[in-house]
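Starting from the structure of chain A, add chain B where the hints point.
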Amino acid sequence: GQQLNQSPQSMFIQEGEDVSMNCTSSSIFNTWLWYKQDPGEGPVLLIALYKAGELTSNGRLTAQFGITRKDSFLNISASIPSDVGIYFCAGQHSGGSNYKLTFGKGTLLTVNP
Amino acid sequence: SQTIHQWPATLVQPVGSPLSLECTVEGTSNPNLYWYRQAAGRGLQLLFYSVGIGQISSEVPQNLSASRPQDRQFILSSKKLLLSDSGFYLCAWNVHGGTSHNEQFFGPGTRLTVL
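Same order as they appear, the protein sequences are chains A and B.
Residue numbers in the first sequence follow the numbering used here, run continuously in steps of one, and reach 1057 at the last position.
Residue numbers in the second sequence follow the numbering used here, run continuously in steps of one, and reach 134 at the last position.
Keep in mind that the hints were calculated from the coordinates and are not lab data.
None of the values given here were measured: they were computed from a predicted structure.
A couple of the hints might just be wrong.
[Unchecked claim] With beta-carbon atoms standing in for the labels, derived distance ranges:
id: 1; chain 1: B; residue 1: Leu134; chain 2: A; residue 2: Asp982; range: 45 to 55 Å
id: 2; chain 1: A; residue 1: Ser1001; chain 2: B; residue 2: Val34; range: 46 to 56 Å
id: 3; chain 1: A; residue 1: Ile1011; chain 2: B; residue 2: Pro33; range: 46 to 56 Å
id: 4; chain 1: A; residue 1: Asp962; chain 2: B; residue 2: Pro33; range: 15 to 25 Å
[As the list claims (entries may be wrong)] List time: in silico SDA-like cross-link candidates among lysine to any residue, alpha-carbon distance up to 20 Å:
id: 5; chain 1: A; residue 1: Lys1044; chain 2: B; residue 2: Ser97
id: 6; chain 1: B; residue 1: Lys99; chain 2: B; residue 2: Ser84
id: 7; chain 1: A; residue 1: Lys1044; chain 2: B; residue 2: Gly73
id: 8; chain 1: A; residue 1: Lys1049; chain 2: B; residue 2: Phe107
Glycine included, every Cβ here is placed at the ideal spot set by N, Cα and C.
Only chain B is shown next, with the shape it has when bound in the complex:
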């Protein structure tokens, strides 16, 4: 069965510090991968998605970036965090193609607090 991992689970960082959040998926190959941010107030904002190694699409211009160095690894980064970067970051995956390709499955999330 497939599983998705995110770490760290929680993170407190000062303004201006760098960020690296990691997401890995097990039990599948060539998944589509997604990064979402969820601010207090619940809505899910799509930040980046990737359909393959090295392929990144950005949805919202900001000081975050994403990379996919391996098939089942997705990394969210920032060189300098802003207060507004605080939130709950969720990684998700879905099958590349197939009848259920729209079904996204989420990781446990990382709670980021920028002080």
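Pulled out of the complex, with its shape left as it was, chain A reads as follows:
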């Protein structure tokens, strides 16, 4: 099946630093989604992107849908301890089933206060 390459796998940063993570695919996606999962809980949708080139913000989070439709990035500015968790990208493949998403393997973020 389709796979997304998400990087980095993990990040250790100091509180206040900015964070950037990205996902790439060898095929075109119609939709890019970014989720955050806190320990022991279900993933929560942070940002949804539907147009190539789209740049969307949600508070300190900013995500972009790559022009080629094969990549997306998520930036977190001025990180705080509660940003700790696993961040997943997910995409709906162009021409694929309308009902399924492909997920990246996640980026584990640790923020040192």
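Frame of chain A; chain B shown alone:
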């Protein structure tokens, strides 16, 4: 507003025992429903999805099964659990059609430990 529930929250079961996990969605009708498993190490594996009552699509052949007896109820079952069935099981839903139909919303999960 829509909410999604899963129970139980945690479960410890012996190998060979049966399993039944339940997921219900409130505040919407005719949702698409999904079961995922998340093993330690984080990746989300899609197990089953359903676009309507009685309609189940299986993604991974295994000893699990799913059923959708009602519009907003999705059940994950097994007749005999294996050690490898341990993991964090997540139910998700999304709107059937519409501009945001790709946005899936997850439940709180069930932590299953098979001993």
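Here is what the structure says about each hint:
1. B:Leu134 - A:Asp982: 45 to 55 Å: With Cβ atoms ~26 Å apart, the hint is violated.
2. A:Ser1001 - B:Val34: 46 to 56 Å: Holds, at about 48 Å.
3. A:Ile1011 - B:Pro33: 46 to 56 Å: holds, 53 Å
4. A:Asp962 - B:Pro33: 15 to 25 Å: This hint is violated: roughly 48 Å between Cβ atoms.
5. A:Lys1044 - B:Ser97: violated, 23 Å
6. B:Lys99 - B:Ser84: holds, 11 Å
7. A:Lys1044 - B:Gly73: Within the cut-off at roughly 18 Å; holds.
8. A:Lys1049 - B:Phe107: At roughly 15 Å apart (the allowed maximum being 20 Å), Phe107 (chain B) and Lys1049 (chain A) satisfy the hint.
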